[in-house]
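**Student:** Here is what each chain is made of, one letter per residue.
There are 2 protein chains.
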Amino acid sequence: GEESERRGTITFVTGNKNKLLEVQRLISSDQGKSVPFDLTNAKLDLPELQGSPEEIAREKCKTAANLLQSAVMTEDTSLCFHALNGLPGAYIKWFLDGLGHDGLNKMLQGFDDNRAYAQTIIAFSPGPGKEVHLFDGRTEGRIVPPRGSLDFGWDPIFEPLEEECESGDIDKGNTYAEMTKDDKNKISHRSKSFEKFRHFLATSSGEILKGMNA
Amino acid sequence: GEESERRGTITFVTGNKNKLLEVQRLISSDQGKSVPFDLTNAKLDLPELQGSPEEIAREKCKTAANLLQSAVMTEDTSLCFHALNGLPGAYIKWFLDGLGHDGLNKMLQGFDDNRAYAQTIIAFSPGPGKEVHLFDGRTEGRIVPPRGSLDFGWDPIFEPLEEECESGDIDKGNTYAEMTKDDKNKISHRSKSFEKFRHFLATSSGEILKGMNA
Chain A
16 GEESERRGTI
26 TFVTGNKNKL
36 LEVQRLISSD
46 QGKSVPFDLT
56 NAKLDLPELQ
66 GSPEEIAREK
76 CKTAANLLQS
86 AVMTEDTSLC
96 FHALNGLPGA
106 YIKWFLDGLG
116 HDGLNKMLQG
126 FDDNRAYAQT
136 IIAFSPGPGK
146 EVHLFDGRTE
156 GRIVPPRGSL
166 DFGWDPIFEP
176 LEEECESGDI
186 DKGNTYAEMT
196 KDDKNKISHR
206 SKSFEKFRHF
216 LATSSGEILK
226 GMNA
Chain B
16 GEESERRGTI
26 TFVTGNKNKL
36 LEVQRLISSD
46 QGKSVPFDLT
56 NAKLDLPELQ
66 GSPEEIAREK
76 CKTAANLLQS
86 AVMTEDTSLC
96 FHALNGLPGA
106 YIKWFLDGLG
116 HDGLNKMLQG
126 FDDNRAYAQT
136 IIAFSPGPGK
146 EVHLFDGRTE
156 GRIVPPRGSL
166 DFGWDPIFEP
176 LEEECESGDI
186 DKGNTYAEMT
196 KDDKNKISHR
206 SKSFEKFRHF
216 LATSSGEILK
226 GMNA
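From first to last, the protein sequence lines stand for chains A and B. Per this note's numbering, the first sequence runs over residues 16 to 229. Per this note's numbering, the second sequence runs over residues 16 to 229.
Next up, chain A with everything else stripped away, as it sits in the complex:
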């Protein structure tokens, strides 16, 4: 019918064209079915708020929907230490900049627990003033002395738990920075978040399209 051919456009809040291309690919189809949404991008200079990862994601998405007057998605990553009750969380970039890999390890030395989870939250809103949906992807791991390529943020000090590696059928005991890109994608917090988002877009497309046009 006509309904099945309707498509919607979502604006991804990023200034990075490569990220746009990657995410376009990530959400284009779900379990063999095409997902009826097109992705474009906009660079916004949004204020970075304090708060829990969930609060920050929600506020940012709301603000972006208001500014762009359109359906939007945002993506945010946190690194949450169990011993620190989830902190540094969304503040991880300040701690990585200020302390480096060694300092982040030292900060946990006084605790018996070096576990952490990496978290991506995708936030989606069908338009200004409308509900914000969160897609929370997490990978459990440990904070360890740096191993592997030092190119990408805290990847060298995050070693996913054995269970995570088993469930992705990849080698155990490597940090994110020691894994191939393919292996990392099989178990990463970010992949899990996008999987949830893609599934939502695919299975709720009728309702979402209605919300976008209401």
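No copy is singled out in the list; a pair is fine if it fits within one copy or between any two copies.
Each computed PhoX-like pair below joins lysine-lysine, with the alpha-carbon atoms no more than 25 Å apart:
| # | residue 1 | residue 2 |
| --- | --- | --- |
| 1 | LYS121 | LYS108 |
| 2 | LYS201 | LYS34 |
| 3 | LYS34 | LYS207 |
| 4 | LYS207 | LYS32 |
| 5 | LYS34 | LYS58 |
| 6 | LYS58 | LYS77 |
| 7 | LYS108 | LYS196 |
| 8 | LYS32 | LYS196 |
| 9 | LYS121 | LYS187 |
Note that these hints are calculated values from the structure, not bench results.
Keeping the supplied structure of chain A fixed, place chain B upon it in accordance with the hints.
**Tutor:** Then chain B, alone, in the frame of chain A:
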């Protein structure tokens, strides 16, 4: 002359009437001279931003001046650990809530350095779009296991350095929470910030009044 009788009004961004009364008293006179500014207050629900204490203070003050369309002052406190390159800084409330006094001590256990400084930044702007002035008061100390009354935030784990106590002519070796209110006021980061602010208002009143009316 006429000039000397002109007065200006500054809005202190707080919902706390006791704080208003206290700060009215703190800035009413400088070295025996009356300070020609009156203080009123307004409660604003401003977003809490991420950033350095200086950036956060500056942005908050700017935003308040725009919203209130008047001369404003804001006050913010941070606790900055030397070993963590100034962090948690403005995020200290999240860390205190998440980790408690013991957790904040444990976080430093892996480092050789338990020094920290307490910091209040008062930010003042004579009006919307105008320059923001910062008044940075700091007291150097150490993070220690909690001692004294547990009523007030991180006071029980902050022990000012001996030099700070000597300069204020008060007993050494106490945490903020173990001091009398008077003793704490003699050396506190907050007192230092208000001293600078008061002095600025007293010595630059002509220029400030001109700026407020421009």
